[in-house]
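Participant: One letter stands for each residue in the lines below.
Number of protein chains: 4
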Amino acid sequence: MSKIRIGMIGGGPGAFIGGVHRIALNMDGDFDLVAGAFSSSPEKSAQTGQELGLDPARVYGSWAEMAEAEAALPEDVRVQAVSIVTPNHVHHGPTVEFLKRGFHVICDKPLTVNSALAQEMLQATVDADCVFALTHNYTGYPMIREARELVRSGGIGKVLKVYAEYLQGWLVDPLEETGQKQADWRTDPARSGPGGALGDIGTHAFNLLEHVSGLKVQRVLAERRSYVPTRQVDDDTMALLEMENGATGTLCASQVCAGMENALRLRIYGSEGGIEWDQEHPNDLRVRWKDKPSEIRRTGNGYLGEHAQSLGRIPAGHPEGYLEGFANIYRAFARAIRGEETALEDPYPTAVDGVRGVQFIETVIQSAEQQAWLEMPQ
Amino acid sequence: MSKIRIGMIGGGPGAFIGGVHRIALNMDGDFDLVAGAFSSSPEKSAQTGQELGLDPARVYGSWAEMAEAEAALPEDVRVQAVSIVTPNHVHHGPTVEFLKRGFHVICDKPLTVNSALAQEMLQATVDADCVFALTHNYTGYPMIREARELVRSGGIGKVLKVYAEYLQGWLVDPLEETGQKQADWRTDPARSGPGGALGDIGTHAFNLLEHVSGLKVQRVLAERRSYVPTRQVDDDTMALLEMENGATGTLCASQVCAGMENALRLRIYGSEGGIEWDQEHPNDLRVRWKDKPSEIRRTGNGYLGEHAQSLGRIPAGHPEGYLEGFANIYRAFARAIRGEETALEDPYPTAVDGVRGVQFIETVIQSAEQQAWLEMPQ
Amino acid sequence: MSKIRIGMIGGGPGAFIGGVHRIALNMDGDFDLVAGAFSSSPEKSAQTGQELGLDPARVYGSWAEMAEAEAALPEDVRVQAVSIVTPNHVHHGPTVEFLKRGFHVICDKPLTVNSALAQEMLQATVDADCVFALTHNYTGYPMIREARELVRSGGIGKVLKVYAEYLQGWLVDPLEETGQKQADWRTDPARSGPGGALGDIGTHAFNLLEHVSGLKVQRVLAERRSYVPTRQVDDDTMALLEMENGATGTLCASQVCAGMENALRLRIYGSEGGIEWDQEHPNDLRVRWKDKPSEIRRTGNGYLGEHAQSLGRIPAGHPEGYLEGFANIYRAFARAIRGEETALEDPYPTAVDGVRGVQFIETVIQSAEQQAWLEMPQ
Amino acid sequence: MSKIRIGMIGGGPGAFIGGVHRIALNMDGDFDLVAGAFSSSPEKSAQTGQELGLDPARVYGSWAEMAEAEAALPEDVRVQAVSIVTPNHVHHGPTVEFLKRGFHVICDKPLTVNSALAQEMLQATVDADCVFALTHNYTGYPMIREARELVRSGGIGKVLKVYAEYLQGWLVDPLEETGQKQADWRTDPARSGPGGALGDIGTHAFNLLEHVSGLKVQRVLAERRSYVPTRQVDDDTMALLEMENGATGTLCASQVCAGMENALRLRIYGSEGGIEWDQEHPNDLRVRWKDKPSEIRRTGNGYLGEHAQSLGRIPAGHPEGYLEGFANIYRAFARAIRGEETALEDPYPTAVDGVRGVQFIETVIQSAEQQAWLEMPQ
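Protein chains in written order, with this note's numbering: chain A, 151 to 528; chain B, 151 to 528; chain C, 151 to 528; chain D, 151 to 528.
Keep in mind the hints are simulated off the structure, nothing from the lab. Just so we're clear, the structure is a prediction, and the values are computed from it rather than from any experiment. Fair warning: there could be bad hints in the mix.
No distinction is drawn between identical chains; accordingly, a pair holds when it is met within one copy or between any pair of copies.
What the hints assert, rightly or not - No more than 25 Å apart at the CA atoms, straight line, and that leaves these computed lysine-lysine pairs for DSS-like:
1. Lys331 with Lys440
2. Lys440 with Lys308
3. Lys366 with Lys442
Given the sequences, and given the hints that come with them, work out the whole structure.
Facilitator: In structure tokens, the structure reads:
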């Protein structure tokens, strides 16, 4: 089984998520990274290409140049897929362009910066005969799949309450003023879109909530703040939610909870029991029951559902982490490209999920402005 | 040091909180329970009196009878204080009556069923030359005091985010229809007041939040539900909050989270760090810091502040629980009756706290009706 | 139901365990503390008596004086029981004396300082028509009872491995040189007996292991150290164990693990699953299964066995702690005195347990001297 | 920077650790797997080679054939390093052979099956001008490095107590009788060597203990059992230890603790504090202090020592797991091959560690036979 040739857009010097994508695509040996436009600065792009040992001829100064040049290469040489790991405002352009040229695309989240562009991207994925995957990577965790199977199969009864939160502390000070690259673009609405914490992490919590519950968010009442006065985007968002089945709950996304690292947590309670999951200890899924002791289900065990089992790589007790979850999206992407069958339902997030995330951002922003319950597009 | 003679109103057969109060008043040997009107049924009152080994002559069929009879006894025989552990609608009557007659009163929460009655009770405590304590018992936990000292002294910087929640699951089914005593009165608005989960447990979360943060809730936007269709009070309440200093957050109180026991949790994050506390593991206080490892502060250690230290009874590592926290309110009540000095600020909750709790219930109810942010009375 | 009149031997100024016993006997209102010989110093004894509001005529300067004087009082006035909370070397004298005179006795552990005295005490309990209880208080925790029922009923299969440990850090420095009362007598072999950490806390771990497993320790290979050079007793003991059924394991007791508070932990694994319990979080019992998710069983739930349920006082989620577990021994003692029936098997530890604890101390000491596996008396 | 060409010995169909090594070598893009002798069955070897997309000409039926053939290839084509992931009895042969031919070698643990062979391997690493690394992979965890820096720098004072354990449950039944590949060779002394649980997991605990404490085990008193009667190797080992500085403790390795997954845990206590680490939650390091609250240090934070920081790949709160720890050994191996500088002391385990592990196995076996304290070779 030969490797899939892949190129990368973004991920140059100082990037965080580019490195993550490279590890994720390396992990299972499914891909060979052979080309890249790592930065809008040709020098920086070349530097990263060199560090990665790439052929300099296939390291480009822009994604447009790369699209054209790769398409011109022989079919068994040119990349088959591209990984887009740029700031949010540079998701739409390369996605549409590469899909149009027949390349498979895997793109970081959120899909893009507004609904109109999101719909164009969705249409592009429909029109193209290619695979498009969105790295809502947290869906790649085995215990998230276990929770999903349990909740969607009615295992905890009718869902009544949902609590999703994603709390970080790294932006409690105006880090963007120091020039730190991650803070810089994430707090610039021109690059990140109108949502700050909302877009960066709130969309993860939203996506995970719908993914696991199998329920759509129907109505939202939200509040947004910038606790750092000079900041141009929200660094804190909180919302009351109503789900399509009448369940209610909260969603909180904050980057000013000093001391919090990356606390993405999901809790869903139904008429018979509930599930609790914490991304910082991702191999434990607590399942609560109305009349029985809680259970701790753990990655890698034979008692798990087939979906959760299919996402593990190593035996129980050998902790799998963020990179493995991320790599699961890449593995599913590879399988889809190869046309392999999989028992896994919704094996990777798609543009449909991406559109929904952008709609969530927009609905929350409007709700906060109007201080009113608003309906999500359904 | 002789014991304080105390009587009890409520706490007859099938009661939960009456038994808790009796253990709490027994624990430190400060009180001698010598009289009671344990039930509005004279037979049941007598039965409880007998089980407790009381003189039958001092077991009464009503609190009114008890107030009159005890007042008529010689000063060194009659009770000095009463403990009121009846359903919420029977807090106001005996409190006012006993205070008026010069008895000290300790009363279960919430103070009463509406603001007008609450104000009368507050006035009664002002007019009387007696001690009035309200058993917002969770303030009696040592680590809550530690958190309070830390937060109020600025230890975690400026408070930015607050998350209070109190989740239970015991009312996910219509338990009241089985005649279960606890469910019965708590879901009857005539006895519990207009708030269900809101009054029963939401007020605890609210009280703890203001107690620890030292900040008043200024605005509320809330939502209430009854997930059991036949239920006449809310069994779920959630609210967005804004504190007087601009901090924001959420408060969730639910009794339909199947599998949850008694999950009262408080998290407060400031510009330098945060605190996290979970009532089910009350001897651990997690303190997070912006640039340093988290700490786990634990009951009974010499490194704690003087307030937290004064509330422990046993060395570190010997877990103290709910009953000890409850007993701390009784111990403070006893000290106040005896006029002993204490280093502890706000050693027990008072009618002022009680009024505030009732106002919170009313503001939340109105906000949920109007689907709008409302100001709390300040 | 009238209260049982009880007296106390020991528990004067500066004592720790005396205060614990007083809270434990107060908690359920079963006892009335009416007399005491709180110290071998009559002044100190009087001081404690006064603080407790006792009749000065019934506060004695020695246990011998108390035994004689109380016995001379009218039957309905004199104490019915005594609580012995003195250092270990003063357990034997008052126990034998009070039992002989027809008083019920509850005594702190370890039973006494050597096997010969232990056998005499055991004989005294046999000869007397009185109740004798030993406060191996950790057996009073509800979840210990749950573990016991599960393990003894074969719920985890054949027991294969046992790990008991009791780690503290408070004696890592020569605290006894500061005159600290607790450290002082515990490190003095004349008062504590030959075992230091071994007797003080190792016997708790040993008792709990046999209590929960239902298996006797058969062979021991041990090592003892004094990490504080000037200390006259061990401050650290560790042992390999073989149980009567062939299971093996370890028992570690240390008072020099800096930073450890009171970490008494028990783990037992069988052919089908295992149990894990930590005294510092006593309301959680983790039950592991060979082919199923772990369970977290928690105090106060309806799914627990009847024994565990009978030891709780409050609903699930309201943490019960060390004092409640201790009070469970006193409550069982009260019931035995009153001749009440109980469904609870082995409702409180007895002199038989006490003898076994002393034999464990002696066997460990000999094994450590001989550096050899030794048989425990069976 | 071009990739290092690597080959693999072992890791054919049904292997566990071969897959782990492949992920680990892929993760950072340092290696290109270009050859292999994946099984002693040429068919199985070919099958694995095909699955991995290797050139069939470089997939061999034996390591000996591979050594000869690869050595005959041009320098810029042949492998530069080999990864040996065979059962223990096939570590010595290929290690010596490939080293002799000038290939770098990374080999799974334990080094080999007896001390004589271990010394030969050590000598081979000395004689060769090549890098030899042993995958005691748990040393690759960032928080293990943090613990090591803290302990070795005297941060917790003088080390007094050490507790190492590695508990699993997967061999509680005679799994080897089902033909399960992992159980099969691990319980066969001809392939695994004389130690069962002792060699398979006990050596990991031993290695980690010496690695973190910086202290050598000096004396051992051990006990070994086979709880599955038909089993030819121990499935349970426990030992009392004395370290070179006089600290004492225990080491337990068991594969019959039903319900345990992969519980490798290390605790070390000194005169000022202690460290506690659990492989199943590897990103948390609990640091206890004599007079201060415990700390939770976490992977990826700026407050960590430089060693721990250098081993993380992603920001704090993004859990890193077993595979990342493993990959850290490969990354260090790659750096050593390339001659890159590293600030990391002892960046990977070597044959010296391997010899010590084999000596530990042998000393434990002898001690258990003689039931006596024995000295470890120093």
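Participant: Would you mind marking each hint as holding or not holding in the structure?
Facilitator: Structure-based check of each hint:
Proximity of Lys331 and Lys440 under a CA criterion of 25 Å is satisfied inter-copy only: 20 Å between copies versus 47 Å inside one chain copy. Proximity of Lys440 to Lys308 under the C-alpha cut-off of 25 Å is restricted to the intra-copy arrangement: shortest distance 13 Å within a copy versus 30 Å between copies. Taking CA atoms no more than 25 Å apart as the test, Lys366 paired with Lys442 passes in neither setting, with 29 Å inside one copy and 32 Å between copies.
In terms of the numbered hints stated before, the structure departs from hint 3 and from no other.
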